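A.B. asks: Starting from the given sequences, assemble the full structure and let the hints guide the process.
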Amino acid sequence: MNQEIEKAIRDFIATRLLYSKEGFTYPDDASLLREGIIDSLGVVELVEFLQGHFGLKIEQQEVRPDNFDSVGKMAAFVRRKTSAAAPAS
Amino acid sequence: MGFSKSALNLDAAKETDRLVGFLQQNIRQNMRRGAVVGISGGIDSAVVLALAVRAFGPGRVVAVMMPDKDSDKLSETLARELAAKYGVEPLLEDITKALEGFNCYKRRDGAIKRVVPDYDPAKGYKAKIVLPQDLLDKETLNVFSVTVIRPDGSQETKPLPAREMLEIVGASNLKQRARMSTLYFHAEARQFAVIGTANKNEHDQGFFVKYGDGGVDYQPIAHLFKTQVYQLARHLGVPEGIQKRTPTTDTYSAPCDQQEFFYRLPFETMDLLGYALEHKVPVPEIAKVMGLTEAQVQRGMNDISQKIRTTQFLRLLPPIPEPPQTLAN
Chain A
1 MNQEIEKAIR DFIATRLLYS KEGFTYPDDA SLLREGIIDS LGVVELVEFL
51 QGHFGLKIEQ QEVRPDNFDS VGKMAAFVRR KTSAAAPAS
Chain B
1001 MGFSKSALNL DAAKETDRLV GFLQQNIRQN MRRGAVVGIS GGIDSAVVLA
1051 LAVRAFGPGR VVAVMMPDKD SDKLSETLAR ELAAKYGVEP LLEDITKALE
1101 GFNCYKRRDG AIKRVVPDYD PAKGYKAKIV LPQDLLDKET LNVFSVTVIR
1151 PDGSQETKPL PAREMLEIVG ASNLKQRARM STLYFHAEAR QFAVIGTANK
1201 NEHDQGFFVK YGDGGVDYQP IAHLFKTQVY QLARHLGVPE GIQKRTPTTD
1251 TYSAPCDQQE FFYRLPFETM DLLGYALEHK VPVPEIAKVM GLTEAQVQRG
1301 MNDISQKIRT TQFLRLLPPI PEPPQTLAN
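Quick note, the sequences are listed as chains A and B, same order.
The first sequence begins at 1 in the numbering used here and counts up by one.
The second sequence begins at 1001 in the numbering used here and counts up by one.
FYI, nobody ran anything at the bench for these hints, they're computed from the structure.
Hints are not guaranteed to be accurate.
Each computed DSSO-like pair below joins lysine-lysine, with the alpha-carbon atoms no more than 27 angstroms apart [claimed, not checked]: (1) K1158(B) x K81(A); (2) K1106(B) x K73(A); (3) K1014(B) x K81(A); (4) K21(A) x K7(A).
Values in this document were obtained by computation on a predicted structure and should not be read as measured data.
C.D. replies: Dropping the structure here:
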């Protein structure tokens, strides 16, 4: 599967939230909140990033751990939202 | 003894005596001559004032009320009743002008207006920031929304973007920092100590402002869960109106209680979960005792754990590097 979405999310977290020079060094299924990688401010910034970068409209009720608590979950969420928004061929 | 709903029950008389001794010893050791307490009309400052008066007598305790233009008028009424009960003449220090000097309202209201453009406090609009309230029943995150209440009573709630959330919190925290400065003036003018009023929930979960209400000399109730503070309040004879009042933030122009602003749980539930977390009680046992599902218990405990973890910075004393290596060694 194309990993462009995961890469964009990892890069955003590494550069804009962690200020890391080593990149995002955690697995894609690492719990971002439970492992203390980001805090709730980071969640808000990720919501804004996904909306801006992928052109999504994210509802308040979609901001929950099963959509946002790992790189993998966010990527899956982006794929669901973008395929739901894509016109039927 | 296993975990039960009475796990937090105290011998209130014994704990009172212990805390009175704690205050007396610490004040004496640090050559302070009395106590300054900020009284808000809430339960925590009420208990602390009562303890301070028991420890030092009313002549060596200064009680300071510090409202601003957003404060509920009931707060001052209750604070005066409290002070009268314990024989202390309260001082009134309105911090509105100080906050205007800090541009507190301008910064806060400017940020709110960027999110809700018709917000206009000059026309009677009120606002508060809130967290989702369905913590036990849904997987949710601590993401703030702003609620604006219009003069006609209609309300609008919108998610807060990061920049606006930070500015609103930073501007609002000026209130607690202005109060800290005021209390230290009164303490230093008398060589008294500032006595903090944070309870264990506030201290551990980071529901305080660094060098605001967290900037104090002693914290005599920061080891007590809220429900335990209430037990002491009953023993100390804190006025009924304060005991019955719903704990409020009394920070925003719209009424905002502590559950909707931060804790997302009622105290009776949160305190037992916090206690169980500390004592590593197994989740199935907690669920059985509290009449919750295991999933509900886990959600509550995860939220408490996360708040403890992400607010360690607030409890940190400023770290200092190790001494330098000198040429001699």
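A.B. asks: Given the proposed pairing of K1158(B) with K81(A), does the C-alpha separation stay at or below 27 angstroms?
C.D. replies: Status holds; Cα separation ~21 angstroms.
A.B. asks: Quick one, are K1014(B) and K81(A) close enough, alpha carbons at most 27 angstroms?
C.D. replies: violated, 59 angstroms
A.B. asks: Given the hint that K21(A) pairs with K7(A), test it: the Cα-Cα distance must not exceed 27 angstroms.
C.D. replies: Distance of about 15 angstroms is within 27 angstroms: holds.
A.B. asks: Under the criterion that the straight-line Cα-Cα distance not exceed 27 angstroms, is the pair K1106(B), K73(A) satisfied?
C.D. replies: With a Cα-Cα distance of about 39 angstroms, the restraint between K1106(B) and K73(A) is violated, given a limit of 27 angstroms.
Violation of the numbered hints given earlier is confined to hints 2, 3; the remaining hints are satisfied by the structure.
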